[in-house]
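Protein chains: 2
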Amino acid sequence: MERTCVVLNSNDMPRSWYNLMADIPNPPPPPLHPGTLQPLGPADLAPLFPTSLIEQEVSAEPDITIPDPVLDILTMWRPTPLIRARRLEKALKTPAKIYFKNESVSPTGSHKPNTAVAQAFYNKREGVKRLATETGAGQWGSSLAFACAMFGMECKVYMVAVSFHQKPYRKALMESYGATVVSSPSTTTGTGRRFLEQDPKCSGSLGIAISEAVEDAAGRDDTKYSLGSVLNHVLLHQTVVGLEAKRQFDMIGDYPDLVIGCVGGGSNFSGLAFPFVRDKIYGRPVDFIATEPTSCPTLTKGEYRYDFGDSARLTPLVPMYTLGHQFMPAAIHAGGLRYHGDAPLLCQLVKDGLVSAQAYTQLEVFEAALLFARTEGIMPAPESSHAIKAAIDAAHRASEEGQTKTILFNLSGHGHFDMSAYTDYLEGKLTDHVMSDGELRDSLAKLEGLPNAGHEV
Amino acid sequence: MERTCVVLNSNDMPRSWYNLMADIPNPPPPPLHPGTLQPLGPADLAPLFPTSLIEQEVSAEPDITIPDPVLDILTMWRPTPLIRARRLEKALKTPAKIYFKNESVSPTGSHKPNTAVAQAFYNKREGVKRLATETGAGQWGSSLAFACAMFGMECKVYMVAVSFHQKPYRKALMESYGATVVSSPSTTTGTGRRFLEQDPKCSGSLGIAISEAVEDAAGRDDTKYSLGSVLNHVLLHQTVVGLEAKRQFDMIGDYPDLVIGCVGGGSNFSGLAFPFVRDKIYGRPVDFIATEPTSCPTLTKGEYRYDFGDSARLTPLVPMYTLGHQFMPAAIHAGGLRYHGDAPLLCQLVKDGLVSAQAYTQLEVFEAALLFARTEGIMPAPESSHAIKAAIDAAHRASEEGQTKTILFNLSGHGHFDMSAYTDYLEGKLTDHVMSDGELRDSLAKLEGLPNAGHEV
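Protein chains in written order, with our numbering: chain E, 1 to 457; chain G, 1 to 457.
Simulated from the structure, these hints should not be mistaken for laboratory data.
Careful: at least some of the hints might be erroneous.
No copy is singled out in the list; a pair is fine if it fits within one copy or between any two copies.
[To be verified] No more than 25 angstroms apart at the CA atoms, straight line, and that leaves these computed lysine-lysine pairs for PhoX-like:
no.: 1; residue 1: K129; residue 2: K446
no.: 2; residue 1: K90; residue 2: K405
no.: 3; residue 1: K129; residue 2: K93
no.: 4; residue 1: K129; residue 2: K90
no.: 5; residue 1: K90; residue 2: K124
no.: 6; residue 1: K93; residue 2: K124
All of these numbers come straight from a predicted model, not from anything done at the bench.
Produce the entire structure from the sequences given, and follow the hints as far as they go.
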């Protein structure tokens, strides 16, 4: 029997995170204060984040030690397996070797707890009693709820109204971990009340939910704010994924030619890719594909410039590829990939040609997901299935070229809480959405007057 | 950092199953043909099961080799981790060590694929193209659907009508693996049509669904029947769980004083316990608790005698503790624990005092489940939470007695598809059910005239 699953012992877990800021050829321009348009200083972030996370956000140290209490919790499910998808390879009749990093084995079923645990730890250590956050489909909210349960902290989640009603199981998961979950817009914040006054049936948005969580955290001494993607320190915490994968490839004497991940805000892709990007910077040949939906094609169609992180223009201005902060993507089932921007660090890599991007339609992604489920057994999250689709395409190219490529993708989560999407697909109810050039033009027009990140600041 | 998770390499997986029939002091009496009341012969089972499984059903060989193609699929998620529940221990302030075997990491989230894969393999090898089965809450049906996808076989699942409508996500999971799922009673079998004629709104039962699947398999040359618990060969396939656990305890130089599992038909309890029961038979001190709901107290209140496996009296007569084959338990949320009987091998161990049994109410079980989720991070299935409750009680006893007990329980599955139950619990909508002596008397009265298993046959 050939080995199909590469397992690291918990004693072999990485003891530090890898910080790409130490090696990136062109660091991204700094985020700007939304009022002054000047580079953001640590003091600007202090009301929302604890000191240790602000330090990580601006650090250029290559290796940042993972504290023991964080390691202790991560080893509840880490290191995660690196699995060779032999059955998928066989079904594709490809000479390519396809590996995936199985992040779906975490307590909440995705990579999100990797940073949730670290964030809860640093907040707890600095005396914070309560964390506030937003969540769309619920992956992030349930991960922070889990992390808060581990450290005995309170957790308040503002959940986008449409998901609050459509995804009751995710809400139940958060509440089971002890979190308080409200539908956003809610009556508990000024922002929420204003939106409800305008439209009592408002179905909410991630932008509104972010504003509510930020307002909550800024208004209470015992509370800080927590974000599940985009920021440097979030990507940093996710690098355990790629560091483990590198060790696992060492164990079997292999190395990927191609590393793939899906991108919503960029944290699962970056977590897997950054340790390999470091190798590429120092001359090792390895390619990267960041995948996204055609309905929210941030990296493939967006403009690189400064934009707000939220729809309500409350956050700092961030240098990134963006579709415009007021863009409302179609209600596709990969709810985690519907963000108008992406992490500045990742965007810089795309801009500099170190990472390429590829968009897929919803139907081709679900087709790939079912092939994966029926060969490898695991029901993938619709988000992660964008990475599966790219891996399958790469394997087909390898077949055509007769090359033995080694492909690695991040299975960032399972689909147990997304089964209604699969029902819709199986019943022929899903449709494709492609953002048009006209839509893009209209959305970007609303950014007029904001500084251009291409210029020196 | 202390090791919290004991991981076996896939090369260290057991290469054979352990057959308790080789060592059990008193083998159970044979099953009887429902027509002749004579001991069942292999020929009686041939229309429903392939030869290799019938041989395993009656074998007394101690070790039965796991075929390589079965191992190859099991290693997609096996060996499963043995985890020390240090956070739970700390919350309980107990000197006891609590370990659990994490069977929730399988593709369908429970121990069920351990036998589904083996059954699909043997059927496939003997030329069977299609398997028919019943499912209640859907754990078994989705596991067989997964196994059939792995071997390129068709799968037909008769799903109890009430679950078919209440658990659409489980149905979607089965269909995603390519299975055909119908609500039972269905219009596709004579049995189903008869029940629908009597009551077009019939909400179904496991008994009816079994009859439909058996009728389907008996009526088609390309199809066999598959059962997810109770039978000797099913329990045999589950012994990988206990064999792995023993090796894992060897690795850390420990051994359990107490082994715990929940019981619906008996397969997850037996799979974990039988390799340790063998040790007990040969003199090693180790205790066992089989847990069940007070609403379906088969082992704690049932009568040991011959009874039918299904409500429609189509199956062989089986020697077991039973509440009577027409007993309809309350609609509790641990749908997998609502069977009127239990596996004959397990019942024999209870009868002979090798295994003790304990029943718990629904509310105390959900309370234990949430404590586990908030300490160990994993949302447990309501079924498995009966084992968690027993482990917690044992830990409390150890605290009172000041003893350092080593407790092992089987986390037979996760609760991702049971979140509505947790919502009901959190909202105070769950109630307790205890089967009364009157109910039991009435139910057992319907067995009059069936042979008594206490007598020689």
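Evaluated hints:
Taking the shortest alpha-carbon separations for K129 and K446, neither the intra-copy value of 39 angstroms nor the inter-copy value of 60 angstroms comes in at or below 25 angstroms. With identical chains, the CA atoms of K90 and K405 are at most 25 angstroms apart within one copy only, with a shortest distance of 14 angstroms there and 48 angstroms across copies. Taking the closest pair of Cα atoms, K129 and K93 come within 25 angstroms of each other only across two copies (23 angstroms); inside a single copy the shortest separation is 54 angstroms, beyond that limit. In this assembly of identical chains, the alpha carbons of K129 and K90 lie at most 25 angstroms apart only when taken from different copies (21 angstroms versus 51 angstroms within one copy).
In this homomeric assembly, K90 and K124 come within 25 angstroms of each other (Cα to Cα) only across copies, at 19 angstroms, whereas the closest approach inside a single copy is 48 angstroms. In this assembly of identical chains, K93 and K124 lie within 25 angstroms of each other by CA distance solely across copies; the values are 22 angstroms between and 51 angstroms within a copy.
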